[in-house]
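Trainee: Here is how the chains run, residue by residue.
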Amino acid sequence: MLMLSPATPAPVRVLLADDQPKVRSALRLLIEQEMAFDVVDEAGAADELVRGILNSAPHIVLLDWELPGLPDAHKLDAVRLIAPHVQVIALSGQPEARVAALADGADAFVSKSDPPDSVLRALYFVHDKV
Amino acid sequence: MTFSAVQLDLSDLTDLFNVIVDAVIAFDQQQRILYFNQGAEAIFGYAPQDVLGQHLDMLLPARFIEAHRHHFQDFSQSPVASRPMGERRPIYGRARDDREFPAEAAITKLQREHDTVSIVVMRDITERKRVEDELRAQAEQLAVAAERSRLARDLHDAVTQTLFSASLIADVLPRIWERNPVEGKKRLEELRQLSRGALAEMRTLLLELRPAALMEANLAELLKQLAASIASRARVRVDVRVEGQAELPPDVKVSLYRIAQEALNNVAKHSGATEASVTLVVAADANTSVQLTVADNGSGFDTRISKPTHIGLDIMRERAAAINAHLNVTSQPGQGTTVQVALPAAGDNN
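So the protein sequences, as listed, match chains C and Y. My numbering puts the first residue of the first sequence at 204, with every later residue one more than the last. My numbering puts the first residue of the second sequence at 247, with every later residue one more than the last.
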């Protein structure tokens with residue numbers, strides 16, 4: 204029987220959006236250890252996020268829910284307008300932001316007080332939907 | 247004929263007095279009760295026949311009788327004909343069942359042919375005081391809640407971010423080290439800085455929980471800790487330089503710390519600076535003068551058009567004014583920002 208080795212799929216493109224460089228740096232380090240993902244861009248504020256999505260066409264946005272410049276409500280409207288199918292993982296220091304994030308249409312939520320592997324679990328969870 | 251010229255007997259007014267809900271009580275120079283309206287009956291619980299001819303003291307809590315006697319003497323001898331409600335502190339009445347109640351009172355004296363009659367109008371303010379106390383307690387609770395949520399927000403903005411970053415790095419560090427020890431060492435240094443930063447942030451936040459510690463601590467040490475905490479939060483290099491030394495009054499210390507905190511928060515949040523400096527110069531001769539400078543190399547702003555509330559400028563000004571210091575902010579787009587507070591020597595006027 205002939206075995207066809209499947210071609211290695213291209214890594215899923217990830218954009219990191221968080222106003223704190225140290226958080227982006229740590230997230231990048233974590234994600235870069237995973238073959239399945241590639242960090243293609245970073246954003247420190249909402250305007251950079253919009254530019255980053257347009258320029259780098261990410262599959263997944265890891266989005267700090269308190270990113271400066273995002274509106275207080277319907278935070279994902281602008282993102283959905285320019286990239287309707289991008290997977291959004293909301294990330295917040297405030298665990299209670301989960302409800303609002305999922306209601307606003309985030310595909311997954313990770314609290315910054317959860318252990319690190321929850322970030323990876325969320326990434327693999329949305330990976331299959333990309 | 248003018249109204250004041252009309253000679254009125256009290257009995258002319260009883261119909262009017264009886265539609266007033268307040269207590270209206272008339273008494274003579276010996277403080278014997280001459281008149282007691284329906285409002286007074288309702289408030290004190292006595293019928294007129296119980297009180298008429300009796301001494302006014304029966305309507306006062308025992309502990310106020312002596313003081314009241316003096317007040318009444320002062321009033322009857324003074325040229326003032328009346329004292330309105332609310333002008334004096336609340337007084338207390340004693341009801342028939344011995345219940346004490348807070349009251350507001352106005353008093354007026356009428357000169358008659360042979361004697362002077364005083365008329366007191368009194369209002370039981372128990373309910374109003376209860377509502378006021380309740381509102382005050384609610385306002386205090388709200389202030390405490392607001393303060394708590396501010397602290398919680400600060401914790402999320404600072405310590406949570408730093409510890410989250412540290413935990414991510416710690417998680418992957420063993421794998422990185424195995425593959426590339428040089429990179430591993432670099433990341434370990436990052437981890438070390440993050441944990442130190444988290445400690446500095448934590449200490450700064452603990453000061454907010456225990457403001458008394460601010461007054462006890464040394465200002466130079468406080469500024470260093472603040473700088474470390476801001477550096478951790480915003481990845482800005484913050485140098486602290488201290489020249490001279492003197493024991494500063496607690497209010498000066500706290501105000502200067504708060505101004506530095508506000509200025510450094512702006513550096514972290516708005517400036518995009520990579521470097522900042524905090525300089526404290528204390529000239530400790532006969533008169534102590536202090537100068538605190540916070541400068542950054544960030545984006546700056548146009549001081550003519552920036553909204554002062556937005557960057558807390560007016561708060562810094564208020565804090566400076568409270569200790570008679572002068573605050574000066576210089577900035578231009580692209581040129582960084584410098585905030586300087588100068589506290590002149592105690593003897594100087596300017």
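Hint data in this document are derived by calculation from the structure and do not stem from the laboratory. We treat Cβ as the ideally placed atom computed from N, Cα and C, and that holds for glycine. Misleading hints may appear alongside valid ones.
Said to hold, decoys possible - Facing chain Y, according to a computed beta carbon distance under 8 Å, are these residues of chain C, among others: (1) K225; (2) A229; (3) L230; (4) L233; (5) Q236; (6) L305; (7) A306; (8) K315.
Trainee: A closest beta-carbon separation below 8 Å is what the hint needs, so does Q236/C meet it against chain Y?
Mentor: 5 Å, holds
Trainee: Against chain Y, run the beta carbon of L233/C and see if the smallest gap drops under 8 Å.
Mentor: 5 Å, holds
Trainee: Does the nearest C-beta of chain Y fall within a distance shorter than 8 Å of the C-beta of A306/C?
Mentor: This interface hint is violated because 20 Å lies over the 8 Å limit.
Trainee: Is the hint on K315/C kept, meaning its closest Cβ partner in chain Y is under 8 Å away?
Mentor: 4 Å, holds
Trainee: Regarding the hint that L230/C lies at the interface with chain Y, is the smallest CB-CB distance below 8 Å?
Mentor: Holds. Min distance 6 Å.
Trainee: Does L305/C hold up as a contact with chain Y if the rule is Cβ-Cβ below 8 Å?
Mentor: 19 Å, violated
Trainee: Identify whether the interface hint at A229/C stands, where standing means a beta carbon of chain Y within less than 8 Å of its own.
Mentor: 4 Å, holds
Trainee: Per the CB criterion, is K225/C less than 8 Å away from chain Y?
Mentor: 5 Å, holds
Hint compliance for this structure: hints 6 and 7 are broken, all remaining hints hold.
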